[in-house]
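S.K.: Here's the letter readout for the chains.
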Amino acid sequence: GAGVSQSPSNKVTEKGKDVELRCDPISGHTALYWYRQSLGQGLEFLIYFQGNSAPDKSGLPSDRFSAERTGGSVSTLTIQRTQQEDSAVYLCASSPRGAQGGREQYFGPGTRLTVT
Amino acid sequence: DAKTTQPPSMDCAEGRAANLPCNHSTISGNEYVYWYRQIHSQGPQYIIHGLKNNETNEMASLIITEDRKSSTLILPHATLRDTAVYYCIGIGPNTGNQFYFGTGTSLTVIP
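Chains as they are written, first to last, in the working numbering: chain A, 112 to 227; chain B, 2 to 112.
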């Protein structure tokens with residue numbers, strides 16, 4: 112079946128501009144995660160959505176970062192006033208049962224963000 | 002959460018079995034052992050998970066010791082496309098949302 116999709120696959124933006132990254136999770140998955148990965152580094156957790164519960168935003172690095180998940184499906188990660196240190200691959204993952212059940216996460220291909 | 006320890010790198014000949022070890026001596030009774038891999042320039046890929054029994058799926062087998070202090074991921078017939086970084090993680094009901102993937106084992110399959 113269809114996996115997690117993300118768009119755009121690549122995004123180049125100028126410092127100070129806002130960007131929106133989109134994630135389409137696997138249908139029926141209740142949990143959705145956003146991570147970022149800088150070159151040669153590990154995964155950095157950003158935010159977690161589970162059903163209709165309030166999202167876990169504890170990983171967001173600053174108030175320039177925000178995310179929403181509409182209708183329990185598609186999610187958008189927004190970065191305002193981008194900085195060069197925001198350059199990274201942004202990964203989205205969905206999970207079938209979230210916090211109380213299976214925790215296997217299925218990742219999308221990522222969006223490579225380059226801030227010039 | 003269980004702290005896991007993996008060797009930083011391993012080589013395996015193409016067509017042979019790749020056995021990737023993971024130590025998780027502090028794992029609690031309700032924490033599962035999950036394995037993921039990340040192929041260069043791609044997002045991580047879920048492989049398999051287990052609690053105490055050995056598990057097998059179309060990708061790999063997971064052997065968990067009886068005391069659950071360690072496990073081995075087995076790729077029965079490694080191919081060049083299995084070259085990746087493999088991560089072992091302990092996850093349970095009390096695990097928060099921030100999964101720590103650690104540094105993993107970089108597996109190189111050699112032709």
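Check before you lean on any hint, since a few could be wrong.
Rough simulated footprint, nothing fancy, chain B against chain A, three-plus residues with beta-carbon under 8 Å [what the hints assert, rightly or not]: (1) 165-174; (2) 177-189; (3) 214-225.
In silico DSBU-like links for lysine-lysine, alpha-carbon gap of 35 Å or less [unchecked claim]: (4) Lys126/A x Lys4/B; (5) Lys128/A x Lys4/B; (6) Lys4/B x Lys53/B; (7) Lys168/A x Lys122/A; (8) Lys128/A x Lys168/A; (9) Lys70/B x Lys4/B; (10) Lys168/A x Lys70/B; (11) Lys70/B x Lys53/B; (12) Lys126/A x Lys168/A.
No lab work stands behind these hints: they were computed from the structure.
Just so it is clear, CB atoms sit at the ideal spot from N, CA and C, and this is done for glycine as well.
S.K.: What's the verdict on Lys126/A and Lys4/B, does the C-alpha distance respect the 35 Å limit or exceed it?
M.R.: 38 Å, violated
S.K.: Between Lys168/A and Lys70/B, is the straight-line Cα distance small enough, at 35 Å or below?
M.R.: 32 Å, holds
S.K.: Is it true that the CA of Lys70/B sits at most 35 Å from the CA of Lys53/B?
M.R.: 10 Å, holds
S.K.: With a cut-off of 35 Å on the C-alpha distance, tell me whether Lys168/A and Lys122/A pass.
M.R.: Holds - the C-alpha atoms of Lys122/A and Lys168/A are around 23 Å apart, at most 35 Å.
S.K.: Are the Cα atoms of Lys128/A and Lys4/B separated by 35 Å or less?
M.R.: 40 Å, violated
S.K.: Would the pair Lys126/A and Lys168/A pass a check requiring their Cα atoms to be no farther apart than 35 Å?
M.R.: 24 Å, holds
S.K.: Tell me whether the statement that chain B covers the region 177-189 of chain A is true, taking a Cβ distance below 8 Å and needing three residues at minimum.
M.R.: violated (count 0)
S.K.: Is the Cα-Cα distance between Lys4/B and Lys53/B 35 Å or less?
M.R.: 17 Å, holds
S.K.: If you look at each residue in the region 165-174 of chain A, do at least three have a Cβ nearer than 8 Å to any Cβ of chain B?
M.R.: holds (count 3)
S.K.: Given the hinted pair Lys128/A and Lys168/A, is their alpha-carbon gap at most 35 Å?
M.R.: Holds, at roughly 22 Å.
S.K.: Checking one constraint from the list: CA of Lys70/B to CA of Lys4/B, max 35 Å. Satisfied?
M.R.: Holds, at about 11 Å.
S.K.: Given that the region 214-225 of chain A was listed as covered by chain B, double-check it with a C-beta distance under 8 Å for 3 or more residues.
M.R.: With 8 residues closer than 8 Å to chain B, the region 214-225 of chain A meets the three-residue bar; holds.
Checked against the numbered hints listed earlier, the structure breaks hints 2, 4, 5; every other hint is satisfied.
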